[in-house]
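**Student:** Starting from the known structure of chain A, arrange chain B with the ligands on it as the hints suggest.
The listed protein sequences correspond, in order, to chains A and B.
In this text, residue positions in the first sequence follow this note's numbering: the first is 82, and each later residue adds one.
In this text, residue positions in the second sequence follow this note's numbering: the first is 65, and each later residue adds one.
Any given hint might turn out to be false.
Computed, partial: chain A to chain B, Cβ under 10 Å [what the hints assert, rightly or not]:
#1 R189
#2 I320
#3 R326
#4 A330
#5 E337
#6 N341
#7 I347
Sample of chain B residues facing chain A (criterion: CB under 7 Å; computed from the structure) [stated by the list, open to error]:
#8 M469
#9 V491
#10 I499
#11 M504
#12 F506
#13 N508
#14 D511
#15 T512
#16 L513
#17 N514
#18 P515
#19 S516
The hints are simulated quantities; they were obtained by calculation from the structure and are not laboratory data.
Heads up, the beta-carbon is just placed ideally off N, CA and C, and yes, glycines get one too.
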Amino acid sequence: MTLSSPPVPTTHPERASWRPTIARLPVVVALLALVWCSLVAYVVFPDALGPAHAAALIPSIPAALVLYGLGIVSWRESAIARIGLTLVMFWILMAVAAPYLPLVDPNRPIAPFTPPFTAKAGHFFWLGADMRGRDMLSRTLWGGQRVIVWGITATACAYVVGVAFGLMAGYLRGWWDEILSFIANILLSFPVMVLLILVLNFLGQSGFSIILAVTFSSAPGIMRIVRGLALVESTRDYIQAAQTRGESAPWIMVVEILPNVRGPLIVDACLRLGYTTVAITTLTFLGLGLQPPDPDWGLMIKEAASSALLWKFAYMMIVPSVAVSSLILGFNLMADGLREMSLRD
Amino acid sequence: MDTHPPQAATAGPSPILECRNLSVSYETRAGLVPAVVDFNLTLMPGEAHGLVGESGCGKSTIALAIMRYLGRNGRITGGQVLFDGRDLLTLSPAELRRVRGADIAMIYQEPMASLNPTMRIGRQLAEVLTVHQGLDRASALDRAAAMLERVRLADAGRILAAYPHQLSGGQQQRIVIAMALLANPKVLLLDEPTTALDVTVEAGIVDLIRDISAEFGTAMLYVSHNLGLILETCQRLTVMYSGEAVETGPVDEVFRQVRHPYTRGLFASIPVPSADKASRPLVTIPGQLPSPTNRPRGCYFGPRCTFFEPGRCDDAAVPMAQVSRTHASRCRRIAEIDWDAPPAGAVTREETTIGRTVLQVEGLSKRYHTVRANEDLTFEAREAETLAIVGESGCGKSTFARILMGLDQATSGSISLMGEELARLPVTKRDRVTIRSLQMVFQNPFDTLNPSQTVGFQIARVLRRFGARMSETQIRERVLELLDMVKLPRDFAGRRPRQLSGGQKQRIGIARAFAGDPAVVVADEPVSALDVSVQAAVTELLMDIQRRNGTTLLFISHDLSVVRYLSDRVVVMYLGRIMEQGRTGDIFAPPYHPYTEALLAAVPIADPTITKRKVVISGEMPSPSNPPAGCPFSTRCPYAIEDLCERTVPPAQIFGEGHAIACHLPRETLLAMEPIIIAADSLNEAHTHHA
Ligand SMILES: Nc1ncnc2c1ncn2[C@@H]1O[C@H](COP(=O)(O)OP(=O)(O)O)[C@@H](O)[C@H]1O
Ligand code: SF4
Ligand code: SF4
Ligand SMILES: [Mg+2]
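If we strip away everything but chain A, and leave its shape as in the complex, we get:
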């Protein structure tokens, strides 16, 4: 009698309201997978698609719109989360829709050093043109593609690794925990950028190296969070119930524990997507990440670095910086909003 639970009436009026939430999860996962797969195919394996290349992203546009709509509806309680979602989904939508928007070729030199809101060489430059005369608007809208693809993929990889090891350390404990925590602590003791640069120097510069680098730098942190959550969760009676009916350790970790720690993990994932975006942009800026000439925010900032020293040409740097910042801000606001909502329940 020391616990006070709000009693639930036997006749339940809420039945209608919880079913859709349950049904929504697989839909969200499917939509995310669709958007992500087609983006990866388009950006990473353009040759493999052959003639389908041009149309690869078309189904992702409605998928992204539906995702946005679902998010807006179900996050009614948090304005912050909805603002964050809007920013993030704007860039994702731009990434999937860029090929079909009436934009000029982002790599075609037209009129160098054109300031924003000026018409030159028969073209109106909303955001100006860079030092080679390429349209900044077009480059900015295209430029999110690679950051988003590699950012999400790398974060997802880091999550798979971090969650797997975190569950093992937190649930199996013993020497699993000691070894895994030891390795994680070593990796965490490197400054992130040093770790990233080391990995990229060692493996060479490619998208896959970025994935590895991000996994090395993020997975230990994720592992620590998951380990802590799993430790707490393992002490709960339903885990003992699973053990006493003889469930295997993988079942307990994946089916019993993982779904119950997802709340904090989703929040952390949003934050980490933000960090990864920063990291990838920084690496590209340092010349260690993605290579020219395709438009990319990091590259744009890097290329503009010398020209932008003159105030007159600062827009070349400001425009991609604002773009990348808004994406990161979006992820962070989403994380804040989700945390706020989870605390209220």
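**Tutor:** For chain B with the ligands alone, kept in the frame of chain A given last:
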């Protein structure tokens, strides 16, 4: 609004504290939740008033509202709280602080809520006096030391120098009481002050509280969910249900002449240690508490009331009606109900036939480094038998359960389940048949189910693991049958645990445990976290299923009343050892083990016709990492034999069939013990059949 006549100056002493039509609401996302509705209370100087009800009925809210400690989202939406004639609700913050510091003090369930963990006890106590009464430090410390003696804390010097975490829960609560008394308050509000403590420790604190009101003349509002405690401490009581007072009056009158169906239901649904299932079957209150946002029209108790009369009980709010000058009840049918008829719905059960031995525990010990969690346990459990393992927290009950279930391994000794040795066999190495035959019901309803899986999935999972080749339709059908078995609607299969109340979750836990048709079920305090009115129903359910299936039930509990009620045999544990074991009747009648005697004497009994022999034991259970070399109870035992008990482990003395008492006392002394619980009308019949 004010329905009370003003107190005439000449009409004897005036009340020290009065609540008039007090209403309190909480602002939540779901809107304004009325937690307390139209509450009236009159507390005279020196009087102890009990406020009793189940969790969530608004008891704490009243205490907090009186202190005006409601927090950010609490609002007093109407009424007055008069202290000594002054309305506390209109005081300025400064005046309020003075009243709180000097005139009204509150004691919470969790003593640590009132203690500063980083400050020594002495300083915390002295501060009360230096701040509020302007004493200097030295004399303040002297007064503090003197007060510690009065709350019966020995060794004041050591305690004053200690930090709160170095003291036990019982000691902390005594410190909190001492701290409150130092300010010499006129009113003491106690919110479940002993709920977090063990029974034998609780008994000491309750004794202290009773003496305080006599000695200091402090008026008390005693909040509790335990009717027995109220009977032992208070002169008047108010029974709350769903935010309303439903019955109020002098304790004796209300206990002897119940005039509200809810109060009556409560009495009928709590087991008392003087009765077993044959002599006084429990009558459960159907249904559950309404949520404060979803209360029924008219009488809030209506949907659960057997006397409910449509049209009368559900048309408009039911007012309080006087039963006598001092006794009132919120029921429309007081005059019509036959209050002396035995409550309907009692089912009597015949004795179960106990079969062969299924579980044999022999010399089982478990040590964690220096901690002796289990020491030389030997007992057996038979088919279709309910074996209770009783003891206070930390006595090693749950450790034994963990070893039996294979979540931990014994240090030495053996457990044999139908011939198979399990003491050192972890669950991961047990075969499917063994795992299937041994299942568990857990204590905490909020922990027992996986929050992210549906109820149906969780029950079906057991069937999938244990049910020999069942098809999906068979599994689904069986899940629904199991829901029927635990008396829950079938559509619960699709629900998630958070949509269930505590009692409902516990029912699912029971369905899950019995789904694989196990031979032995271990139930670790299965009802102790539930509301009183729900406990009985879950207890009955567990018993019914166990009987029907012929399952052996190992019922782990600290609650002697429930144990008396449902078990066939009892094992009493203390500090990892078995003190006494035997048939339930033998355990509850002399000869007692001195510890069993103390436990029995400590149980508060909600029955004024019962008298208890007083047994005083002091102190608390020693740390299991440093137990006495001899009898574990020797540090507290009133009979302890010097130079013997603390050195030598006592032998088990056999009295009658399977009744063993581990004690050094001579046989004659044990046999000469007087019964602890004496029922006024059944003095002779109840306690004569011991060997
Ligand atoms: N801070 C709060 N915010 C919202 N609701 C609350 C709060 N505290 C208590 N309640 C609700 O008010 C009702 C009465 O609670 P409480 O006074 O704690 O009951 P009791 O002490 O009898 O268990 C319950 O329904 C409870 O859920
Ligand atoms: S008013 Fe009616 S429903 Fe309420 S307690 Fe009395 S008889 Fe029962
Ligand atoms: S052995 Fe001694 S200390 Fe232990 S219970 Fe018996 S008399 Fe008391
Ligand atoms: Mg309370």
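**Student:** Hint by hint, say whether it matches the structure.
**Tutor:** Tested hints:
1. For R189 (chain A), the interface hint is violated, since its Cβ never comes within 10 Å of a Cβ in chain B; the closest pair sits about 52 Å apart.
2. At its closest, the beta carbon of I320 (chain A) sits 8 Å from a beta carbon of chain B; the interface hint therefore holds under the 10 Å criterion.
3. At a threshold of 10 Å, the smallest CB-CB gap from R326 (chain A) to chain B is about 6 Å, leaving the interface hint in force.
4. Annotation: interface hint on A330 (chain A) holds; nearest CB of chain B at approximately 8 Å, less than 10 Å.
5. Given hint, E337 (chain A) at the interface with chain B, holds; its Cβ is 6 Å from that chain's nearest Cβ, closer than 10 Å.
6. With 10 Å as the threshold, the beta carbon of N341 (chain A) comes within range of chain B, its nearest partner Cβ sitting at about 5 Å, so the hint holds.
7. With a least beta-carbon distance of about 13 Å to chain B, the hint placing I347 (chain A) at the interface is violated under the 10 Å criterion.
8. Given hint, M469 (chain B) at the interface with chain A, holds; its Cβ is 5 Å from that chain's nearest Cβ, closer than 7 Å.
9. For V491 (chain B), the interface hint holds, since its Cβ comes within 7 Å of a Cβ in chain A; the closest pair sits about 6 Å apart.
10. Given hint, I499 (chain B) at the interface with chain A, holds; its Cβ is 4 Å from that chain's nearest Cβ, closer than 7 Å.
11. At its closest, the beta carbon of M504 (chain B) sits 5 Å from a beta carbon of chain A; the interface hint therefore holds under the 7 Å criterion.
12. Taking 7 Å as the C-beta cut-off, the interface hint given for F506 (chain B) holds, the closest approach to chain A being about 4 Å.
13. Hint on N508 (chain B) holds. Least Cβ distance to chain A is approximately 6 Å, under the 7 Å limit.
14. With a least beta-carbon distance of about 4 Å to chain A, the hint placing D511 (chain B) at the interface is held under the 7 Å criterion.
15. Interface restraint check for T512 (chain B): the shortest CB-CB distance to chain A comes to about 5 Å, inside 7 Å, so the restraint holds.
16. Given hint, L513 (chain B) at the interface with chain A, holds; its Cβ is 6 Å from that chain's nearest Cβ, closer than 7 Å.
17. For N514 (chain B), the shortest C-beta to C-beta distance to chain A is roughly 4 Å, which falls under 7 Å, so the interface hint holds.
18. At a threshold of 7 Å, the smallest CB-CB gap from P515 (chain B) to chain A is about 6 Å, leaving the interface hint in force.
19. Checking S516 (chain B) against chain A: minimum C-beta separation of about 4 Å stays under 7 Å; hint holds.
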